[in-house]
Amino acid sequence: MQIVRALLTRLITTFITLFGAAIIVFVVIRVVPGNPIAMMLPPGASEADIDRLKALYGLDKGIFEQFVIWISNVVQGDFGTSITLRQPVYDLVIGRLPATLELSVMALLIAVFIGGAAALTATLYRGSKVEGGIDVAGGIALSLPDFLWGLALILLFGVLWPLFHISGRISPSLGFEFTSHFYLFEALARFRFDVVLDLMGHMLMPALALAIPLAAIILQLLKQSLKECMHDDYITLARTKGYAESSIILRDALPNAILPTLTLIGVQFTFLIGGTVIIERLFSYEGLGNMAIDAVINRDLPLIQGIVLVFALLFTMVNLVVDMAYAALNPRLRHA
Amino acid sequence: MRDARGHIRRLPGLRLWLSGGWLTFLVLAAVFAPLISPHDPLAQDLFAGRLPPFFEQGADPAYLLGTDSLGRDVLSRMLYGARLALIVALVAGTLTCLIGATLGLIAGYYRGWADLVISRFIDIWMAFPPVLFAILLIAVLGTGLMSVIIAIVVIDWTRFARVVRAEAMGQGAMDYVASAQVAGRTRFGTALTEILPNVLPTIVALLTLEMGIAVIVEAILSFVNLSISTDQPTWGGMIAEGRTSIYQAWWVLVFPLFALFLTVLSFSQLGEGLKDHFDPVLR
Numbered sequence: 006m007q008i009v010r011a012l013l014t015r016l017i018t019t020f021i022t023l024f025g026a027a028i029i030v031f032v033v034i035r036v037v038p039g040n041p042i043a044m045m046l047p048p049g050a051s052e053a054d055i056d057r058l059k060a061l062y063g064l065d066k067g068i069f070e071q072f073v074i075w076i077s078n079v080v081q082g083d084f085g086t087s088i089t090l091r092q093p094v095y096d097l098v099i100g101r102l103p104a105t106l107e108l109s110v111m112a113l114l115i116a117v118f119i120g121g122a123a124a125l126t127a128t129l130y131r132g133s134k135v136e137g138g139i140d141v142a143g144g145i146a147l148s149l150p151d152f153l154w155g156l157a158l159i160l161l162f163g164v165l166w167p168l169f170h171i172s173g174r175i176s177p178s179l180g181f182e183f184t185s186h187f188y189l190f191e192a193l194a195r196f197r198f199d200v201v202l203d204l205m206g207h208m209l210m211p212a213l214a215l216a217i218p219l220a221a222i223i224l225q226l227l228k229q230s231l232k233e234c235m236h237d238d239y240i241t242l243a244r245t246k247g248y249a250e251s252s253i254i255l256r257d258a259l260p261n262a263i264l265p266t267l268t269l270i271g272v273q274f275t276f277l278i279g280g281t282v283i284i285e286r287l288f289s290y291e292g293l294g295n296m297a298i299d300a301v302i303n304r305d306l307p308l309i310q311g312i313v314l315v316f317a318l319l320f321t322m323v324n325l326v327v328d329m330a331y332a333a334l335n336p337r338l339r340h341a
Numbered sequence: 003m004r005d006a007r008g009h010i011r012r013l014p015g016l017r018l019w020l021s022g023g024w025l026t027f028l029v030l031a032a033v034f035a036p037l038i039s040p041h042d043p044l045a046q047d048l049f050a051g052r053l054p055p056f057f058e059q060g061a062d063p064a065y066l067l068g069t070d071s072l073g074r075d076v077l078s079r080m081l082y083g084a085r086l087a088l089i090v091a092l093v094a095g096t097l098t099c100l101i102g103a104t105l106g107l108i109a110g111y112y113r114g115w116a117d118l119v120i121s122r123f124i125d126i127w128m129a130f131p132p133v134l135f136a137i138l139l140i141a142v143l144g145t146g147l148m149s150v151i152i153a154i155v156v157i158d159w160t161r162f163a164r165v166v167r168a169e170a171m172g173q174g175a176m177d178y179v180a181s182a183q184v185a186g187r188t189r190f191g192t193a194l195t196e197i198l199p200n201v202l203p204t205i206v207a208l209l210t211l212e213m214g215i216a217v218i219v220e221a222i223l224s225f226v227n228l229s230i231s232t233d234q235p236t237w238g239g240m241i242a243e244g245r246t247s248i249y250q251a252w253w254v255l256v257f258p259l260f261a262l263f264l265t266v267l268s269f270s271q272l273g274e275g276l277k278d279h280f281d282p283v284l285r
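Line by line, the protein sequences give chains A and B. The first sequence begins at 6 in this note's numbering and counts up by one. The second sequence begins at 3 in this note's numbering and counts up by one.
The shape of chain A in the complex, shown without the other chains (with noise of 0.2 Å):
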């Protein structure tokens, strides 16, 4: 019963934080200077034709039920039309996302890959020289945000060692046709390993820049949490029976160890998405955060709002989503 109830305020503070973000968006993008009916039309328009502009989009009227219409087209998906890519925000957006999508969940599994295997090898080599320069190479990569490792990756590996891809994300002489905007997804599906390996070149720059930092945090949380489960009574008991001490971390401390840091990650996870912004620009990859950024210079009213919108969609679900799934996992909460 309690659980329904905590659920249910979930639901309900989700649903409040979610109209508040619209609220935010509604008002920021009213305040920008610039008449965006001005911008819409061609130089020298009469004043009819401004004001026709104006009652098609609904700006004759007062600020409150411009709200209530802007509102319910939102929800209704209706986005309006891109000023700069006279196309429908909706679709551009869709176009999009998958882009950002692919290369946050790669940033992800790169991240956790890193950060589990340096922590699992200093716990290993505990007390000696190899846990002092885990720790040291941790306290760099947590010390420095996304957007400066990606521009060290691109000095590295796009200049002294020109091994990767630094801008794009596919190769426009590979001539291949999607039929969706999940490339990489698509192209492990239809097996054309030549064009994954492309994808991949392109996308590892960029979504390590985004896993360095994120790497840094798993490594130390988890680290911690084996550091303490390694004094535990079942472990004493696995070197008794005499398993080897990789396996004893593997199969006994890893499992009960794990729990702090999968909640930290679905947490974490929101700002590496965040993060896409400014790295996407960086690297030229054709996402949602780039295509941000140019609606932003380009004053494109529509196209800003239905792009933070939908980041604010998507922050929003991935904690609720974090929330649940910590609370199925937790012996505690489930039962309580």
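Hints were generated in silico from the structure; no laboratory data involved. Mixed in with the good hints there might be a few duds.
Said to hold, decoys possible - A few chain B positions that, by computed beta-carbon distances, are all more than 10 Å from chain A:
(1) F56
(2) S71
(3) A168
What the hints assert, rightly or not - Pair ranges (Cβ atoms, derived):
(4) A/L264 - B/L118: 24 to 34 Å
(5) B/L48 - A/K59: 42 to 52 Å
(6) B/L118 - A/L168: 44 to 54 Å
(7) B/L100 - A/R15: 29 to 39 Å
(8) B/L202 - A/D56: 55 to 65 Å
(9) A/D56 - B/Q250: 51 to 61 Å
(10) A/V135 - B/L194: 18 to 28 Å
In this text the structure is predicted, and so the values were computed from the model without any measurement. Each residue gets a CB set at the ideal place from its N, CA and C atoms; glycine is no exception.
Dock chain B against the given chain A, drawing on the hints supplied.
Leaving out everything else, chain B in the frame of chain A:
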């Protein structure tokens, strides 16, 4: 065990000295930029474009760290860029700290309606990608130093509010707070004399971290050409220019990037070091 403690204690000492040293150097460089800059940071010399730094062949000793595509001196631009970076770090960092920590303290100690409203605002703020939020705010406010500072304060106050709220909540449940209340102290007096001193170490550590973050946000805004103004040299602006000519003149990107690296690293190591310093368990 004692060895491990000694190790932990020595390391922050070194970290504090190194990061403090770099930041002191940076402050001096910024303050005396007009005196020590070998050139006018804005002066273009199209005949001296893309000169390499002193250790490369074809360098001009007058331009120690080389020139960019317009023939402007990289070293002078970096020195003047340090001024803006530090102003943003100090002003934006302090303002963010004051506003965020106050709201966090109110929410965490007074609870009730104030907490409900502030927490909901924090949730809403967490639903936006911070970089996109900052860029959007600059589009609203227009470019300029004030806009950059306001944007940083508006997007980052939640960082302080969240942490201070949680800490104040924890402290508020302690016995010494209850005894202060019994002794007849007002709610406000308790918050100021009992709670605040106990959360101050966390706030100070967060403040230095925030200064590093402010430098980064300014660099990111300059990178997308939405920061101060185009005729004032900033590290982010230099990095953006360097990114476009990376194969012809790597030094335009590398030197300001290196300065940015060291500065952000120093601020965050200073924060970590201070946190350890204030931690009664480690001390």
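Evaluation of the provided hints:
1. F56: holds (20 Å)
2. S71: holds (17 Å)
3. A168: holds (14 Å)
4. A/L264 - B/L118: 24 to 34 Å: holds (29 Å)
5. B/L48 - A/K59: 42 to 52 Å: holds (48 Å)
6. B/L118 - A/L168: 44 to 54 Å: holds (52 Å)
7. B/L100 - A/R15: 29 to 39 Å: At 32 Å between Cβs, range holds.
8. B/L202 - A/D56: 55 to 65 Å: Distance hint for B/L202, A/D56 holds at roughly 58 Å.
9. A/D56 - B/Q250: 51 to 61 Å: holds (52 Å)
10. A/V135 - B/L194: 18 to 28 Å: violated (48 Å)
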